[in-house]
Amino acid sequence: MSHHIVEFKNVSFRYPDGTDALRDISFRITHGEAVGIIGANGAGKSTLLLHMNGSLMPTSGTVNIGDLYLTRQTRQEIRRKVGIVFQNPDDQLFMPTVYEDVAFGPLNLGMDEAAVRERVEVALSRVNSLELRHKPPHYLSCGKKSAVAIASVMAVEPDILAMDEPAANLDPKSRRLLINMLKTFAHTKIIASHDLDLILDVCHRCIVIREGMIVADGPSKEILSNQALLEENNLELPLSHQRD
Amino acid sequence: MSHHIVEFKNVSFRYPDGTDALRDISFRITHGEAVGIIGANGAGKSTLLLHMNGSLMPTSGTVNIGDLYLTRQTRQEIRRKVGIVFQNPDDQLFMPTVYEDVAFGPLNLGMDEAAVRERVEVALSRVNSLELRHKPPHYLSCGKKSAVAIASVMAVEPDILAMDEPAANLDPKSRRLLINMLKTFAHTKIIASHDLDLILDVCHRCIVIREGMIVADGPSKEILSNQALLEENNLELPLSHQRD
Amino acid sequence: MTFDKEYYNIGLLDRLSYQNTFVHRLDPRIKLIATLLYLFTVISFSKYEVVELFPFFLYPVLLITLGEIPLLFIIKKVVLVSPFAIFVGIFNPFLDTGRVVLMQELTISAGWISFFSILVKFTLTVSTALLLVTTTSFPGVCHALRQLGVPSLFVSQLLFLYRYIFVLMEETMRIVRARDMRSYGRRGTGIRIFVRLVGILFLRTVERAERIYYAMLSRGFQGDMPTLKRFRITASDLGFAAFVIAFLFIFRFYPVSEELGRFVQGVF
Amino acid sequence: MHMADALLSPTVGATMWACSMAAIGYSSKQLKKNIDNKTIPLMGVLGAFIFAAMMINFTIPGTGSSGHMGGGMILAVILGPYAAFLVMASVLIVQALFFADGGLLALGCNIWNLGIYPCFLAYPLIYNPIAGDGTSNRRIAIASIVSVLIALQLGACSVVMETLLSRKSELPFGTFVLLMQPIHLAIGLVEGFVTSGIITYVKKARPEILQSSSAYRPLDASISVKNVLVAFVIMAVITGGALSWFASTHPDGLEWSIEKVTGKAELAGQEQGIAHALKGIQGKTAFLPDYNFKPSVQEESKEKKSPVWPAIDAGTSVAGIVGGGIVLGLVLLIGFGIRFFKRKTEP
Ligand SMILES: Nc1ncnc2c1ncn2[C@@H]1O[C@H](COP(=O)(O)OP(=O)(O)OP(=O)(O)O)[C@@H](O)[C@H]1O
Ligand SMILES: Nc1ncnc2c1ncn2[C@@H]1O[C@H](COP(=O)(O)OP(=O)(O)OP(=O)(O)O)[C@@H](O)[C@H]1O
Ligand SMILES: [Mg+2]
Ligand SMILES: [Mg+2]
Chain S
10 MSHHIVEFKN
20 VSFRYPDGTD
30 ALRDISFRIT
40 HGEAVGIIGA
50 NGAGKSTLLL
60 HMNGSLMPTS
70 GTVNIGDLYL
80 TRQTRQEIRR
90 KVGIVFQNPD
100 DQLFMPTVYE
110 DVAFGPLNLG
120 MDEAAVRERV
130 EVALSRVNSL
140 ELRHKPPHYL
150 SCGKKSAVAI
160 ASVMAVEPDI
170 LAMDEPAANL
180 DPKSRRLLIN
190 MLKTFAHTKI
200 IASHDLDLIL
210 DVCHRCIVIR
220 EGMIVADGPS
230 KEILSNQALL
240 EENNLELPLS
250 HQRD
Chain R
10 MSHHIVEFKN
20 VSFRYPDGTD
30 ALRDISFRIT
40 HGEAVGIIGA
50 NGAGKSTLLL
60 HMNGSLMPTS
70 GTVNIGDLYL
80 TRQTRQEIRR
90 KVGIVFQNPD
100 DQLFMPTVYE
110 DVAFGPLNLG
120 MDEAAVRERV
130 EVALSRVNSL
140 ELRHKPPHYL
150 SCGKKSAVAI
160 ASVMAVEPDI
170 LAMDEPAANL
180 DPKSRRLLIN
190 MLKTFAHTKI
200 IASHDLDLIL
210 DVCHRCIVIR
220 EGMIVADGPS
230 KEILSNQALL
240 EENNLELPLS
250 HQRD
Chain G
23 MTFDKEYYNI
33 GLLDRLSYQN
43 TFVHRLDPRI
53 KLIATLLYLF
63 TVISFSKYEV
73 VELFPFFLYP
83 VLLITLGEIP
93 LLFIIKKVVL
103 VSPFAIFVGI
113 FNPFLDTGRV
123 VLMQELTISA
133 GWISFFSILV
143 KFTLTVSTAL
153 LLVTTTSFPG
163 VCHALRQLGV
173 PSLFVSQLLF
183 LYRYIFVLME
193 ETMRIVRARD
203 MRSYGRRGTG
213 IRIFVRLVGI
223 LFLRTVERAE
233 RIYYAMLSRG
243 FQGDMPTLKR
253 FRITASDLGF
263 AAFVIAFLFI
273 FRFYPVSEEL
283 GRFVQGVF
Chain W
30 MHMADALLSP
40 TVGATMWACS
50 MAAIGYSSKQ
60 LKKNIDNKTI
70 PLMGVLGAFI
80 FAAMMINFTI
90 PGTGSSGHMG
100 GGMILAVILG
110 PYAAFLVMAS
120 VLIVQALFFA
130 DGGLLALGCN
140 IWNLGIYPCF
150 LAYPLIYNPI
160 AGDGTSNRRI
170 AIASIVSVLI
180 ALQLGACSVV
190 METLLSRKSE
200 LPFGTFVLLM
210 QPIHLAIGLV
220 EGFVTSGIIT
230 YVKKARPEIL
240 QSSSAYRPLD
250 ASISVKNVLV
260 AFVIMAVITG
270 GALSWFASTH
280 PDGLEWSIEK
290 VTGKAELAGQ
300 EQGIAHALKG
310 IQGKTAFLPD
320 YNFKPSVQEE
330 SKEKKSPVWP
340 AIDAGTSVAG
350 IVGGGIVLGL
360 VLLIGFGIRF
370 FKRKTEP
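Protein chains in written order, with the numbering used here: chain S, 10 to 253; chain R, 10 to 253; chain G, 23 to 290; chain W, 30 to 376.
This is chain S alone, in the form it adopts within the complex (with noise of 0.2 angstroms):
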């Protein structure tokens, strides 16, 4: 299917101040791979995953979601095709209560409320956290909270699904619990994260980025397990591969 492609070609993106955020980037991840970002502070995964959807436009270059080229008229469209978790998920969870939040994004593609309602039972049910719909999100748990912003873009139903950082302040359950999550959605993924266990654990292919350049992109377990590479790019081994 080439449905479920994203092309970058060379991509760049300046920063309204000046920032040289992203230069000359290019890849292509098809349907149903699993790709992890990785790189220093700083690097420019953020702004990356922002052009997926079209919430930042490049300066020069394309982007195609599949077989749209992504530009302005099409933004809509292809947002409904990428979704993306944002680092934080207060950022995220922007409704006063878990279900309208859930709700949002179906709500703008014009559903029904019955199909809406269908739609949020389902996508809160898969992160387990159907029991909270009623409950305003700031009283959730750190872990909670992931989970239900993780539904509330699942309830669009992507083809693609981005993420940004997912397990940062979790601890190790609710970490665990994500990654298993992770593992059992058909979607095509990327995430950028600086856990590389996770990364290890969850995406097969892996891109990593120095100052808003692709420096390498290859199977997970050679890049992850090249230490010259890694510490060029302010980055480690993963954990569970050092040994004391």
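Read the hints as simulated data drawn from the structure, not as lab findings.
Just so you know, even glycine gets a beta-carbon here, dropped at the ideal spot from N, CA and C.
One should not assume that every hint holds.
Partner residues aside, some chain S positions facing chain R, computed with beta carbon under 10 angstroms [as the list claims (entries may be wrong)]: (1) Q96; (2) S150; (3) C151; (4) K153; (5) A177; (6) L246; (7) H250.
As a list, the in silico DSBU-like pairs of lysine-lysine whose alpha-carbon atoms are at most 35 angstroms apart [claimed, not checked]: (8) G:K27 / W:K232; (9) R:K144 / W:K232; (10) S:K192 / S:K182.
Based on the hints, put chains R, G and W with the ligands in the right spot on chain S.
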């Protein structure tokens, strides 16, 4: 030296909204110890740290720092002895430049300019950030912000250093630098974190809390290899001890 | 520690509003309108009427008991905000010196009566307003506003305001703690530092708004906040409305206290 | 200072409510025409920011109270007047609900006093001309302080007017003004200083925020000085009309304050307006035949400056006191009764 002792006796704390965050906590940390505080999300780790310098006052029970009981009167004095580095460095760096930020504490202690300059330079050198002193903190990378936040607390030369989740959001290299830095401090150190590998690296002793109560207190090596105990507390073996 | 206290107070209020009692289940629109009518009725009494106001205590008392709201909490809040009303009213006894006969020999100045009337009104209005938010979730109030015709743009941003109060207060509390920790009672709490803190908080807020906007875009936001229809007026809503209207009408126009007093006097 | 419900008369409360709601409706409409989608979340989050910032404890010399850091001017500079006004209104609503600061009926007054003046008067007429293109820090500082001061003085003045027109307080106009204005002068200086500090700080750290907010400038430009003045004249006429309407229907209101100010008593007829209307209603409710409608009686006697108030015999007062006591007792009894019953049924 009885100076650097931290002793909690039957400390309980209830947030005014009724949440019992700490229940009957007792422990004693002696001079030069490095103690990890671990537990699930919401177990009460941050609340516990906030008691160490009277940011929160116990609802019942007593906190002793060195020879001082924590009261509203002794609180200011205790704050010179106990420096706390909070989870998010952005919350801590509020002055226009790194220099002024690190100087904030010493100046408030009433030190003269020359002494302050000396303190600031020493503190910044210890975290390898002397060259940043004229930059505004806003523009630093995550890792550097953490380092400066630590320096700003170190500049007061506290006897006891408490840290809440010091490595969250750091890339692996910055995290490693932080660990090495922590290892070189001769202070009494108390670190609350989900990063069990960091705890294992830095702390000899480990306190596990669950729902505001201490459920285990002992050498890190033992506790962090006790799989049953860890799993009961939403934790798991440190990643470096896990093999796939 | 005042910051912490304020913060927790809001938290508690908010938490109470998510209880599940008869009062909490009533339709927010009805509660909102009932509250407004009640307030309007209370302040429509003239400044020399005091005992006529007493029956109106029944409404907050009913809400407190049926809604399982801690009485002490409400009383504390009322006392906390009373200074301005007291400040404005306290001059009445000295300025309005007309004498009032209470009993045969006992007279006081009329100003005391109007002052007392202000206090009673104050207690009634403040506690009823508090009881509205402790028995109706804030989103409920907002949805009621929208259905009552308040512009949806206004309501949407009001909902955002509610959602992020908690997040930003948490954040502010951490910043304030960090400042206090290194101030050593030296009042590093001066106004210059305050400006810095607020400036930083402001920037972070704007950045947060940007992130929220991206999150909204990613879920198909095109400018209109979607809403769910959710309220249906039930029999208990209608019953409540009828009760409130009858209550207000009777006690506004019939001097219950005085008649009762007469009656009792007649008996003895 | 926030106006409180208990000090309001229904007429003043309702008039101000109507004015403020109209302003909210109008601003929403204007904003909707020009809105950038980004603005809605930004407005909401900035509202929360104003709230959080208000709670940072630093004490204003001379006043014990929190001295509401209004924040209206910062909002106007960042968001433009319409959006800023809506945010201020929301902040005040939340304050009224969550802090019982002010009250629900007084909300109209408070939105007017703390929202309209900074956003629609002080910002376009004072801040903008003084600050100019916003490149000079000194001009920003002067503009902030002057505009905040004036907005606050207008607000304080309105609190005084609203209180006096409501006739619940006996404070003479002059005294009240003398009590209120200096406090607000102090608060205004502090707030103006803070406002200018924040604007210059933002200008330095993230200049594009202020620039992007000048994307809203088309709105500002459309609010030319002339338009604002015209709008204010219209509002003044409407308000004046409303006030004189209720002054005639509710004679004690305006005249009373005039009397206090000028020292002369000018009495008008008593049997009019609301009191009259209520009396009519009461006359039709047959089950209260000999109830003597009190407000008019009392106020009448009051205005005649009769030494002994009121024209009710002592027996009536006693009946009132006894009855009041019994009513309160009954209310409490009902409360405890329900509680007791509930405890029993829900073990
Ligand atoms: N809104 C912005 N305006 C200007 N520059 C920005 C903005 N956001 C990010 N940058 C800059 O762009 C670069 C890339 O930032 P980005 O947030 O994408 O990095 P990241 O890889 O996600 O880092 P982290 O691991 O810390 O999350 C950095 O140099 C950063 O300072
Ligand atoms: N400001 C607050 N008001 C009310 N309850 C609070 C507040 N802060 C924390 N709590 C509650 O107190 C308990 C302990 O919270 P605390 O933040 O200390 O946990 P923690 O162990 O630090 O969690 P985490 O790992 O997520 O940082 C939790 O149940 C939490 O919900
Ligand atoms: Mg990032
Ligand atoms: Mg914590």
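Q. Are S:K153 and chain R close enough, Cβ to Cβ, to be under 10 angstroms, as the hint says?
A. Cβ of S:K153 sits 9 angstroms from chain R, so the hint holds.
Q. Taking 35 angstroms as the top limit, are the C-alpha atoms of G:K27 and W:K232 close enough?
A. Distance ~33 angstroms between G:K27 and W:K232 Cα, so the pair holds.
Q. Taking the closest Cβ pair, is S:C151 under 10 angstroms from chain R?
A. Status holds, d = 5 angstroms.
Q | Distance restraint between S:K192 and S:K182, which requires alpha-carbon spacing of 35 angstroms or less | A | Answer holds: S:K192 to S:K182 is near 15 angstroms, not above 35 angstroms.
Q. If you take the shortest Cβ to Cβ gap from S:L246 to chain R, is it below 10 angstroms?
A. 9 angstroms, holds
Q | Hinted contact S:Q96 with chain R - closest CB pair below 10 angstroms | A | 8 angstroms, holds
Q: Grab the minimum C-beta distance from S:A177 to chain R and call the hint holds if it beats 10 angstroms, violated otherwise.
A: Status holds, d = 6 angstroms.
Q: Starting from R:K144, check that the Cα of W:K232 is at most 35 angstroms away, please.
A: Given that 35 angstroms is the threshold and the Cα spacing comes to 17 angstroms, the pair holds.
Q: Classify the hint on S:H250 as holds or violated, based on whether any CB of chain R lies nearer than 10 angstroms to its CB.
A: Status holds, d = 8 angstroms.
Q: Under 10 angstroms, Cβ to Cβ, is where S:S150 needs to be relative to chain R, so tell me if that hint holds or is violated.
A: This hint holds: S:S150 lies near chain R, its Cβ roughly 5 angstroms from the closest one there, short of 10 angstroms.
Every hint, counting from the list given before, is met by this structure.
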